[in-house]
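Following the hints, put chain B in place on chain A, whose structure we already have.
First to last, the protein sequences are chains A and B. Numbering-wise (my numbering), the first sequence opens with residue 1 and increments by one. Numbering-wise (my numbering), the second sequence opens with residue 1001 and increments by one.
Just so you know, these hints were derived from the structure itself, not from any lab. Honestly, I wouldn't trust all of these hints.
[What the hints assert, rightly or not] Straight line, CA to CA, 16 angstroms or less: simulated EDC-like cross-link-like pairs of lysine to aspartate or glutamate:
no., chain 1, residue 1, chain 2, residue 2
1, B, Lys1121, B, Glu1025
2, B, Lys1657, B, Glu1711
3, B, Lys1398, A, Asp101
4, A, Lys4, B, Glu1505
5, A, Lys87, A, Asp31
6, B, Lys1561, B, Asp1701
7, B, Lys1671, B, Glu1624
8, B, Lys1398, A, Asp31
9, B, Lys1776, B, Glu1505
10, B, Lys1437, B, Glu1523
11, A, Lys58, A, Glu123
12, B, Lys1398, A, Glu33
This is what each chain is made of:
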Amino acid sequence: MNTKKVLTIIALLAVVVFVFYAVNATPVISDNEWTYIGGMEWYQTYDQGAAVAQETGKPMLVYFWTIWCTYCEKMQTEVFPYPPTKKILEEDFVRVAIDMDVNKEDTNRFNVQAPPQELFLDESGDIITRIPGYIPEEAFLDVLTQVRDLHKSRKKTVITPGVEAKNALTNTNETEHIKEDQPNR
Amino acid sequence: MLKSDTLLYLSIALGAAIIYLLTLEILKKTDRHSHQIKWLVRTFCGLLVFDFILLSYYFYSSNFTVAYVWQFSSKYYPVWYRLSGVLAGQTGTLLFWAALIAIGALWLNETKGKETDFVKKSLIIVVILGMYFTVLTVIDSPFKTIYQDEPSLLAQNNPDLTVNFVPEDGNGLNPLLIDPWMATHPFTTFLGYAGTAVPFAGAIVYLFMTFLGRSEAAAQKMWVDKGIQWLRVSWLFATLSMVFGGIWAYKSLGWGGFWAWDPVETAMLLPWLMLTAAIHTVVEHRRDGRKYTILAPVLTAFTFSMVVYATMVTRSGIFESVHAFISGAVGRYIILLTGISFVLPLALGAVKYVKSDVKEREEKSLLNRTNIFYAAILTLLVITFISFFGITYPPIAKQVYGVKYSVTAQFFNLWIYPFFILMFLLIGLGLHYRPSKKKEVVNTFLFFTALTIVAALIRPNENFNIIDYTGIVTAEKPMLYAIIGGVSALSVIPPSIYVLYAVEERWKAKMSTFKKRHLKVKEAGILIIHIGVILIGIGAVYASLFVSDFSGELNINEPGKIVSLSPANAHEGFGRLGTWGVHPQEGTSPYSIQLIEFKEIEDYGAGENTGVPPPPSPGLSLREFYGKLQSGNIEESYQVRGVIDDVIQTEHVTYVKLAESGEQLWVAIDKLDNIPTGITVLAEGTLMADFPSPTLKKTFDLIMFASHMEEYRPGAGSPYKTVEQLHLAVYKGDKRIGHGIAKKEVFKNGDANRVMVDRSLTDDVFVSFSGLSGTKAPVTVKIKPLMNWIWIGSIFFIVGITMTILSDKERPTL
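Okay, chain A solo, but in the shape it has when bound (with noise of 0.2 angstroms):
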């Protein structure tokens, strides 16, 4: 056999080793039943998150994303990794990840022009607050803290729901501050 053959049958094998990886080891980001960000599972629909947010009674955090925005790529490796981020969300939310290529009804259902955007709602389907597009991870802690504490207290103190404490929120100039960064396109 000359050589020539043998540096194709090489070069055929990376070319094998190659496919075999990054076909079973390339970051899934969805299949059929979940969307992956951020190490974490999220539901696909708002129905079904709605669902489970009204059994367990936590708040939802409706994230909008397609897979060609640059920004929410940020988001999904930076934002949602962010360690305590991550526990917080593990632990006290439930997640909805809208992909909006996909799921044209609920783009359309709460109004959604561009991704990324965050979307926080309560167990009711009421929303606390929205971030139209990428804000930075320490600002979205913050946001987050906000939202988990504010539903937390709600619940103990049982005054006509949320209503002023949601108000609050909404009113706050929080949202406007992290509107900065949102890419146009």
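Below, chain B without anything else, positioned relative to chain A:
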């Protein structure tokens, strides 16, 4: 407008006639129709080129009744950007492509040896390709008028659009595309793309003729001589296209820097890699006709296949990418062409492989020129395959299994890096190789390979990881990811030194042996290109890994004040340390920024450059007005134009003093608040002489009682863009490391942020500003090391390839 479409139909008919006559000649083995064919091809080419020039003229003259012009142009753009609109959409690019392929056909038509079967057959293929793209152009014609183009944006906004309606202005380009690099990027891209059509045809004909066992040698000389220069020129333009696109992406926010492995960027890399591989095989095949008799033509044909594939990625709508904004009927035909262009050369190559009995002479030792070349070409092909797979598999998996993969820049960096390093080592080996010095060559190779492995293990800190594998978010981290991802970026240094060493050795050994000047130039060109590879390699690795990222907030009312910058997101990707000694947790940095000057600019554009004279200024200037009065030309009311010099407010009336070149006039109008001085206004009303004002206790010699007054802006009615502009300086400690202008431009159809980039050999100071909030100007500062090595390497590429093109004395003459 219909006429232009007629010309397209006519070109298709001409193409069919050319193919018919050529086939007739080939079958009957005559030259009887050669005269007709010659003139038919000339007309075919002339028509398509004329069509393209006509479309360009519509853009030049801002003919907004053409829907395509309306969509992508505006009369306020400088002529350069108006013309760049021609290639802003799909239909214009298809026409350009068709015209360029027709030029290829013309070249074959006028070339030496046009009476041979080989050229005739190639011409048939090129004409078919030209017709194919012409048909695609017709399907979605760029010459459609706004009246024909029913569902257009324009028609939606103007329900009562009639045939007499001519839009004032076009919709305009996406503001991000108004950039010199983006204006030239599509031109170079399609010049590169179209250049592969002739080599494709030549390679197909060569494969077809030789597997039948016909004269190998004659066909070989023919296709190689015809093909190689086209390949080189395509390579030149493909390189330019990627460089221009890269510079643009580098300056545009949201594009992830000069290279982000976006599907479209990757798709553009595929033809480039294939061209690189093809050129190397063809050069070897040209030296020795028994080498690469199958691989060279197959790879050459694949350059065109990859080009069509790249178009499919950008235009078919299958792929999710920022570029893929257009899809439609044309997509399907491009997919079809992609399939054919891959299968045809592959099938012909396979048949030839089975039938061929040409045996290559096997050299005894393992180390020889053939094997080194072959290993390098295989490495290139593996890199090509990884890039191809990375953009092709995810959409397929999504369709078939409903699974979405996260194929990001990290995926490509991870898999390609080992082959990239291997490539460098092989380049070094190939350049250093000399049959007489085998032992020395082997030892040097082993020495640098060992050095590379050692360098790969030295990691001063986490930032040196080739990818941030800790950031990959999966349940389990595959071992290979950790192994390759943990390789140190220092590993690019020894192979680079090796290549430079090999270049120097080769220069010393070879230059003196060449007697002829053109051979020297060619050799120098080749060496320059390979030095370019090194510069780009080092630059790309370091510029992507060691970016430092800071943020600060300036106040436009405090120019001159120095604001210190804090490390924002100093880690690129979760888990990375900040760079160059700045740790994200420390909260301070040695960097600071100063606002030198803030400006708000209104730009009225190039309305006067459209060839249409600007509308005359309305109203009379004060001088004209007094001139008219003196000539006794008294009218009931006047419209005058002047600059507000003084304002007196009373309870019900506002008195405004207009002044201009020494003349002045008082105007009284019903109370208007907040009138600034210094602006030009138009006032319309009646005159009164010797008017005594009761409230001001003053008598005006002449006053105008205006019924109407409005601000007047010269040129267009309103600015076509407004600009918030910061003149900035960036300091490290006390030392000024960069200065320049960052701005935000707001157009009527969107806005664009223009970053400040202050370049130097060691690093770029990069400041982005995305608009004021109140008086605050938030800025992001990035320090990007070795960025310019990439652009300098690109210049080496361009200079080197140009030298090899010009010094190729065996090039066929017309």
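Quickly compare the C-alpha distance for Lys1398 of chain B and Asp31 of chain A to 16 angstroms and report which way the hint goes. Judged against 16 angstroms, a Cα distance of about 9 angstroms means the pair holds.
Just to be careful, I want the Cα atoms of Lys1657 of chain B and Glu1711 of chain B compared with a cutoff of 16 angstroms; is the pair within it? Satisfied, since the Cα-Cα distance of roughly 14 angstroms is no more than 16 angstroms.
Are the Cα atoms of Lys1671 of chain B and Glu1624 of chain B separated by 16 angstroms or less? violated (27 angstroms)
For the pair we were handed, Lys1437 of chain B and Glu1523 of chain B, check the Cα-Cα distance against 16 angstroms. violated (20 angstroms)
Lys58 of chain A and Glu123 of chain A were given as a pair; does the straight-line alpha-carbon distance stay at or below 16 angstroms? holds (6 angstroms)
Please verify whether Lys1398 of chain B and Asp101 of chain A have alpha carbons no more than 16 angstroms apart. holds (12 angstroms)
Holds or violated: Lys4 of chain A with Glu1505 of chain B, Cα cutoff 16 angstroms? violated (27 angstroms)
Is the Cα-Cα distance between Lys87 of chain A and Asp31 of chain A 16 angstroms or less? violated (23 angstroms)
Assess, step by step, whether the Cα of Lys1121 of chain B is no farther than 16 angstroms from the Cα of Glu1025 of chain B, and give holds or violated. holds (10 angstroms)
Regarding the pair Lys1398 of chain B and Glu33 of chain A, is the alpha-carbon distance no greater than 16 angstroms? holds (13 angstroms)
Holds or violated: Lys1561 of chain B with Asp1701 of chain B, Cα cutoff 16 angstroms? violated (51 angstroms)
Does Glu1505 of chain B lie within 16 angstroms of Lys1776 of chain B when you go C-alpha to C-alpha? violated (58 angstroms)
Of the numbered hints listed earlier, those contradicted by the structure are 4, 5, 6, 7, 9 and 10.
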